[in-house]
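Chains as they are written, first to last, in the numbering used here: chain B, 1 to 609; chain R, 1 to 333.
Hints are not guaranteed to be accurate.
[What the hints assert, rightly or not] Below are the DSS-like pairs computed for lysine-lysine, each with C-alpha atoms no more than 30 Å apart in a straight line:
hint, chain 1, residue 1, chain 2, residue 2
1, B, K192, R, K131
2, R, K315, B, K252
3, B, K193, R, K315
4, B, K189, R, K154
5, B, K189, R, K313
6, R, K315, B, K192
7, B, K252, R, K313
[Unchecked claim] Listing some non-contacts, in silico: residues in chain R with all C-beta distances to chain B over 12 Å:
hint, residue
8, E45
9, K140
10, P229
Think of the hints as simulated: they come from the structure by calculation, not from any bench.
All residues carry an ideal CB built from backbone N, CA and C; glycine is no exception.
The chain contents come next:
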Amino acid sequence: MSDSTQTATNVVIRFAGDSGDGMQLVGGQFTRTTALLGNDLATLPDFPAEIRAPAGTREGVSGFQIHFADHDIFTPGDETDALVAMNAAALVTNLARLRPGGLVIVNSDGFGSGDLSKARLDHNPLEDDTLAGYRAVHAPITTLTRNAVEHLGLSTKEADRCKNFFALGMVYWIYGRPLKPTEDWLTAKFSKKPEILDANLSALRAGRNYSQTIELFQATYEVPKADFRKGRYRNITGNSALAIGLAAAAQKTGQTLFYGSYPITPASDILHALAPFKQYGVATFQAEDEIAAVCAAIGASYGGSIGVTGTSGPGVALKGEAIGLAVMAELPLVVICVQRGGPSTGLPTKTEQADLLQALYGRNGEAPCAVIAPRSPSDCFATAIEAVKFAVEGMLPVFIMSDGYIGNGAEPWPVPDVASLPDITPGFRTDPEGFLPYERDPETLSRPWAVPGTPGMEHRIGGLEKQDGTGNVSYDPLNHEHMCRVRAEKVQRLQRFIPPIEVHGDAEGTLVVGWGGTWGAIRSGVDVCRREGLKVGQIHLRHLNPLPADLGDILARYDRVLVPELNLGQLSKVLRDAYLVDAHSFCKIQGQPFLTREIADAIRQEATR
Amino acid sequence: MTAPVYKKKDFMSDQLVRWCPGCGDYSILSQVQTVLAGLGRPKEEFVVISGIGCSSRFPYYMNTYGFHTLHGRAPAFATGLKVTRPELSIWMVTGDGDALSIGGNHIIHLWRRNVDINVMLFNNRIYGLTKGQYSPTSEKGKKTKSSPMGSLEKPFNPLTLALGAGASYVARSVDVFTTHLRDQLQMADTHRGTSFLEIYQNCNIFNDGAFTSFTDRAVRDEKVLYLEPGKPLIWGPAEQRKGLVLKGLRLAVVDVGEDESEIIVHDPSNKALATWLAELDGSGEFPVPVGLFYKEDRPTYDGGFVEQIAEAKEKFGQGDLNRLINAGDTWEV
Numbered sequence: 001m002s003d004s005t006q007t008a009t010n011v012v013i014r015f016a017g018d019s020g021d022g023m024q025l026v027g028g029q030f031t032r033t034t035a036l037l038g039n040d041l042a043t044l045p046d047f048p049a050e051i052r053a054p055a056g057t058r059e060g061v062s063g064f065q066i067h068f069a070d071h072d073i074f075t076p077g078d079e080t081d082a083l084v085a086m087n088a089a090a091l092v093t094n095l096a097r098l099r100p101g102g103l104v105i106v107n108s109d110g111f112g113s114g115d116l117s118k119a120r121l122d123h124n125p126l127e128d129d130t131l132a133g134y135r136a137v138h139a140p141i142t143t144l145t146r147n148a149v150e151h152l153g154l155s156t157k158e159a160d161r162c163k164n165f166f167a168l169g170m171v172y173w174i175y176g177r178p179l180k181p182t183e184d185w186l187t188a189k190f191s192k193k194p195e196i197l198d199a200n201l202s203a204l205r206a207g208r209n210y211s212q213t214i215e216l217f218q219a220t221y222e223v224p225k226a227d228f229r230k231g232r233y234r235n236i237t238g239n240s241a242l243a244i245g246l247a248a249a250a251q252k253t254g255q256t257l258f259y260g261s262y263p264i265t266p267a268s269d270i271l272h273a274l275a276p277f278k279q280y281g282v283a284t285f286q287a288e289d290e291i292a293a294v295c296a297a298i299g300a301s302y303g304g305s306i307g308v309t310g311t312s313g314p315g316v317a318l319k320g321e322a323i324g325l326a327v328m329a330e331l332p333l334v335v336i337c338v339q340r341g342g343p344s345t346g347l348p349t350k351t352e353q354a355d356l357l358q359a360l361y362g363r364n365g366e367a368p369c370a371v372i373a374p375r376s377p378s379d380c381f382a383t384a385i386e387a388v389k390f391a392v393e394g395m396l397p398v399f400i401m402s403d404g405y406i407g408n409g410a411e412p413w414p415v416p417d418v419a420s421l422p423d424i425t426p427g428f429r430t431d432p433e434g435f436l437p438y439e440r441d442p443e444t445l446s447r448p449w450a451v452p453g454t455p456g457m458e459h460r461i462g463g464l465e466k467q468d469g470t471g472n473v474s475y476d477p478l479n480h481e482h483m484c485r486v487r488a489e490k491v492q493r494l495q496r497f498i499p500p501i502e503v504h505g506d507a508e509g510t511l512v513v514g515w516g517g518t519w520g521a522i523r524s525g526v527d528v529c530r531r532e533g534l535k536v537g538q539i540h541l542r543h544l545n546p547l548p549a550d551l552g553d554i555l556a557r558y559d560r561v562l563v564p565e566l567n568l569g570q571l572s573k574v575l576r577d578a579y580l581v582d583a584h585s586f587c588k589i590q591g592q593p594f595l596t597r598e599i600a601d602a603i604r605q606e607a608t609r
Numbered sequence: 001m002t003a004p005v006y007k008k009k010d011f012m013s014d015q016l017v018r019w020c021p022g023c024g025d026y027s028i029l030s031q032v033q034t035v036l037a038g039l040g041r042p043k044e045e046f047v048v049i050s051g052i053g054c055s056s057r058f059p060y061y062m063n064t065y066g067f068h069t070l071h072g073r074a075p076a077f078a079t080g081l082k083v084t085r086p087e088l089s090i091w092m093v094t095g096d097g098d099a100l101s102i103g104g105n106h107i108i109h110l111w112r113r114n115v116d117i118n119v120m121l122f123n124n125r126i127y128g129l130t131k132g133q134y135s136p137t138s139e140k141g142k143k144t145k146s147s148p149m150g151s152l153e154k155p156f157n158p159l160t161l162a163l164g165a166g167a168s169y170v171a172r173s174v175d176v177f178t179t180h181l182r183d184q185l186q187m188a189d190t191h192r193g194t195s196f197l198e199i200y201q202n203c204n205i206f207n208d209g210a211f212t213s214f215t216d217r218a219v220r221d222e223k224v225l226y227l228e229p230g231k232p233l234i235w236g237p238a239e240q241r242k243g244l245v246l247k248g249l250r251l252a253v254v255d256v257g258e259d260e261s262e263i264i265v266h267d268p269s270n271k272a273l274a275t276w277l278a279e280l281d282g283s284g285e286f287p288v289p290v291g292l293f294y295k296e297d298r299p300t301y302d303g304g305f306v307e308q309i310a311e312a313k314e315k316f317g318q319g320d321l322n323r324l325i326n327a328g329d330t331w332e333v
């Protein structure tokens, strides 16, 4: 028995195993239980592109990292305090992230000669000094799991599929988590398969009991509840939050929200989340390709629905021509880009921010779109509603720039009060008196949304240049220049919706400017440096086009401007172009999010430049 | 409510029609305006959706709702519109390059899904708007600016392609067969599902006379077989009537006298027969069939789409925003 319980303020655990070992599943269960206990948390799923890469290889390793704490946290953590490694490949590919003295639980049954050769190891890391300097627990998890489910007479294959729950049970005990939420979940999931249910419950409980009994663990840990703002919370991923936000927008407007999409990693979960929302006014269409997905969404918008398409960078490239048509036809459209490593197929399951310039400029002709970016998983909810508002009230395409990190990552979300959600006011026109398809609202420059079926307003739209007002095809040179400027100004006037920028930290010294999913790491890095006495301010841009009206003034107040990005310097180009500011890039393009210490190092370097 | 009464000119827009003088598109436009005026539907319920190409300028000339979209993508726009606004009558205009080359992937999926729209494919077997390159329906060996030594490509047969992709309604007419074309447009409108009508259309600038071998008045009677459901497959002038019979598993041509009993009776629900007829191209003794080749009544995609939404609402009740955002595991602090 453990004789001591230590209190920890925050803990980072990483589950790593073969992609067939169910690491994402148990990671999800640990997250759920931890959220219900009231800790703040952030997660990072890290899995290979292949569904089942050759078993046991380094390429097939799937990881799930969770950071939980008794205080606000912004990242899934730089280093891990505990690593669960289900085989040799999982150990060697994840050990570098384990802090010195950290806990490593290895499934010693995953280190046979076959496992070692698949992991390209010529010696067994359990038998040399690889694990010196760590607290290593060698547990024959596969054997123990088989023993635990022996009474059920399952095949070896079926028994082995429960070993992830054995490992989860072990970790639950070490960190003082109850089994009940996972037991309830298993009971609901396998209600029609009593043997599988029994097997998983047996493995889970056996793992917990094993941890408790073996006396290998010197201590267990308690992480007290975080001090959350009062209210109701739920744990949410970025992709789910986008889906719920879109459904909320449909409910707010009373219009159908049409989501056209073609399956693509890491955006497919948005389609999966929206497909069962039919009763909320959501219609989903799995198209034959990326182009059809966006075109169908525009067709739906033409008919008076809210057209949305979701994809990743390669899909945005394919949709470019159609997005240009939405610019020309001046119809609402929301384009979600859950960014991943590129170019081409790139790193489908890894995160990156290298599609910003594509969203801003990646179309033929002058084809400006609004571009906004959520900063965290739960922020995707508000971003989705804002994007719909911009699209519908501005009659133009709006990009939501999410990324794989926030799309798949999860955090607690304070469930908002429905009454606090912004109103969305579509500019439908039904009065044929004096109707012109391209007549403009003098304030917003939007044209009326006149949908088929409205008597007396029959008109034609299309991709050819329009005469302002009548919407007739026009090759007039001056009209073309006028229309190009109007379409750009229409986007610019969305500034009316953008609140003043919130500056975190100091009003002098170094300003760190970020956008999108890097917010948490930048915030943590800024706070580290400020505690060291450096003068550092942080702003995080949600609006990339139009940029906020007060951005230029804020940039001018600081001696130095540092722009950390997961690309080769895209926002910094935009800022240099728009404000002639000497913005310095700090770039990382490895398919992985920033670590807090990388940001802190970059700020220190910038501050002493 | 009484059906609205329109004249053809109610469906003519105020825009100058800019096809080349003598283009077959003029006749098609005129027939479509006439037929739509007579369907008894409120004018605002018609939407004409096109892709890119000469034919795709069509919406500008119709005084209805219209959307001139992207090259090859009209089926996707039409699908998005139809599933969200199923009460609209959607007429899609496309060409051989638009539908079968750049838009090939979209039209096959439109056919298999069976979205309830009417598709008019103007087949002139050439690229017109880009000024005269061979198209996916141009005959092999076609000499054009982009194929000076002759095209190497076997052409698509739009009808067999449609049948192969699972189209539920497959028909053909010709720009200059004005009465026949009007009848075919009317019939297409009555079908629930994707009504696919190929219209042979002469491009008098880049591919003049592409269809004269059977459309010229001098030979029309000898070469054109008008398909009529329930009628024997007979064509030709009164004294030289010919008919189609089955010899083994192939179609063969016979002279028809008084006795028509061995002649195949046209049955548009027979897909094998439709496929055989669609393969006939006027070569040798065989005719060029026009009219309705195939019709199958099966559920439409938009119908199912709307039903699933209704079913979800019935099962789970009208969605409630509060319930949505408070779903899943929540906890109070």
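Now for the hints, and whether the structure bears them out:
For the hint pairing K192 of chain B with K131 of chain R, the CA-to-CA distance comes to about 65 Å; that exceeds 30 Å, so the pair is violated. Proximity of K315 of chain R to K252 of chain B is assessed by CA-CA distance (about 22 Å); at most 30 Å being required, the pair is judged to hold. Note on K193 of chain B and K315 of chain R: the hinted pairing holds, with a Cα-Cα distance of about 26 Å set against a maximum of 30 Å. A hinted pair counts as satisfied when its Cα atoms are at most 30 Å apart, and K189 of chain B with K154 of chain R does not qualify at roughly 55 Å.
Distance hint between K189 of chain B and K313 of chain R is fulfilled; the C-alpha atoms sit about 25 Å from each other, no more than 30 Å. Straight-line distance between C-alpha atoms of K315 of chain R and K192 of chain B comes to about 22 Å, which keeps the hinted pair within the 30 Å bound. Between the alpha carbons of K252 of chain B and K313 of chain R the distance comes to roughly 17 Å, so the proposed pair stays at or under 30 Å and holds. Distance check for E45 of chain R against chain B: the nearest CB is about 6 Å away, which does not clear 12 Å, and the non-interface claim fails.
For K140 of chain R, the shortest C-beta to C-beta distance to chain B comes to about 28 Å, beyond the 12 Å cut-off, and the non-interface label holds. Non-interface call for P229 of chain R relative to chain B: holds, since the shortest CB-CB distance, roughly 32 Å, exceeds 12 Å.
The structure shown violates the earlier hints numbered 1, 4, 8.
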